[in-house]
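Chemist: Protein chains in written order, with our numbering: chain B, 1 to 82; chain E, 83 to 340.
These are computed hints drawn from the structure, not numbers from a lab.
Predicted model, so just to flag it, every value in this text is computed and none were measured.
Just so you know, not all the hints are guaranteed correct.
[Unchecked claim] If you want the footprint, here are the derived chain B segments under chain E, 3+ residues with CB under 8 Å:
# : stretch
1 : 6 to 19
2 : 32 to 39
3 : 44 to 54
4 : 57 to 67
[Said to hold, decoys possible] Away from chain E, derived, C-beta distances all over 10 Å, residues of chain B:
# : residue
5 : Val2
6 : Asn3
7 : Ala23
8 : Asp24
[Unchecked claim] Covered stretches of chain E (chain B as the covering partner; in silico rule of three or more C-beta atoms under 8 Å from a C-beta of chain B):
#  : stretch
9  : 304 to 316
10 : 320 to 327
Here a beta-carbon is modelled for each residue, glycine too, at the ideal position from N, C-alpha and C.
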Amino acid sequence: MVNEIQIQVNGEPRGWRDGGTVADLLSDLAIATERVAVELNLEILDRKDFGQRSLCEGDRVEILGFIGGGCETKGESDGRER
Amino acid sequence: MDANDRLTIAGHEFRSRLWVGTGKYKDFAETKKAIEASGADVVTVAVRRVNITDRSKENLLDYIDPKKYTILPNTAGCYTVEDAVRYARLARAAGISDLVKLEVLGDERTLFPDTAGLIEAAKILIKEGFIVLPYTNDDPIVAKKLVDIGCPAVMPLAAPIGSGLGIRNPYNLKIIMETVKVPIIVDAGVGTASDAALAMEYGADAVLMNTAIAGAQHPIAMAEAMKYAVYAGRLAYKAGRIPRKLYATASSPIEGML
């Protein structure tokens with residue numbers, strides 16, 4: 001039985017299994033690891049470490065990618081923000 | 083177009099002298115068509131949170147092939163040195179290149195650059211190995227400082243972002259072009275084709291725009307207009323224009339007249 005922990009992903013609270021890695025999280029969210037950046041508690045992770053970094057209770061994860069932008073751009077990474 | 087007239091910045095070679103942003107389009111299909119019509123090979127993108135709640139939404143980079151285009155991430159929306167540096171690092175971690183279009187904005191109403199913050203952020207990022215292309219004001223002194231700290235190009239504005247006012251201070255831009263010995267990319271404020279042509283005629287090495295194309299009634303047609311404007315302006319600059327004179331000089335000879 002895996003313990004459920006609480007983490008925050010892109011500002012939203014989320015239940016997570018204890019011991020699950022960043023790579024597992026991305027896989028669960030159906031996010032390809034290429035061309036995304038992951039920040040864990042303000043530390044930017046190297047892509048090759050995604051599989052080694054386990055998430056702990058209270059961790060704050062930010063997953064970022066590229067969106068359409070020229071200069072000033074607001075919104076989420078869905079290309080329809082403006 | 084002249085295949086040999088390449089623009090080189092810090093080892094990166096560019097075919098097109100028109101660079102385009104990818105914001106404000108109706109959808110990705112329109113973005114792609116407009117970029118193709120513009121002939122641009124450099125496109126700017128922003129870094130934002132991935133939408134984790136709706137994964138059905140498409141990704142911009144499915145439409146814009148990073149093998150075909152130089153993807154230039156920006157730090158748009160950053161108002162502090164810390165934020166700009168953080169976004170630049172995230173852009174690099176997301177894995178395109180060391181290139182960053184650095185923006186440190188000073189004020190929401192004008193979106194003018196905070197040039198003091200810009201220089202500070204540029205110093206930090208250059209030390210970390212970034213190729214910093216700074217979005218700056220049309221200020222020759224700031225442009226020179228940015229070059230002195232190691233920026234391989236500078237991107238002075240023509241007018242406020244998205245304003246479409248065209249080149250508000252051509253004399254400052256000319257002074258920047260004379261005093262700074264790195265490529266100058268006029269960035270922001272272009273409204274229509276003649277603005278882009280003018281920037282190139284003054285001697286800009288490239289022009290970057292987004293709203294002028296994306297906000298036009300017919301973005302794809304405007305993208306094509308901008309392609310020719312930048313090309314015409316570049317050719318005219320290299321051809322060397324005639325000096326302005328107050329009075330007429332006849333083009334037809336007097337000799338042989340009755």
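Chemist: The structure should be examined with respect to each hint, and the outcome stated for every one.
Modeler: Evaluated hints:
A stretch counts as covered by a chain when three or more of its residues have a beta carbon under 8 Å from one of that chain; for the stretch 6 to 19 of chain B and chain E the count is 4, and the coverage holds. Coverage of the stretch 32 to 39 of chain B by chain E holds. Counting CB-CB distances below 8 Å, 6 residues qualify, and the rule asks for three or more. Counting residues of the stretch 44 to 54 of chain B whose CB lies closer than 8 Å to any CB of chain E gives 4, which reaches the minimum of 3, so the coverage claim holds. Counting residues of the stretch 57 to 67 of chain B whose CB lies closer than 8 Å to any CB of chain E gives 6, which reaches the minimum of 3, so the coverage claim holds.
Look at Val2 (chain B): its CB is around 21 Å from the nearest CB on chain E, clear of 10 Å, so calling it non-interface holds up. Listed as outside the interface, Asn3 (chain B) is consistent with that label: its C-beta sits roughly 22 Å from the nearest C-beta of chain E, beyond the 10 Å cut-off. Look at Ala23 (chain B): its CB is around 15 Å from the nearest CB on chain E, clear of 10 Å, so calling it non-interface holds up. Taking the minimum C-beta to C-beta distance to chain E, about 14 Å, the non-interface status of Asp24 (chain B) holds against the 10 Å cut.
Coverage of the stretch 304 to 316 of chain E by chain B is violated [criterion: at least 3 residues with CB-CB distance below 8 Å; count 0]. Chain B is given as covering the stretch 320 to 327 of chain E, and this is violated because 0 residues of the stretch bring a CB closer than 8 Å to a CB of that chain, at least three being needed.
The structure shown violates the earlier hints numbered 9, 10.
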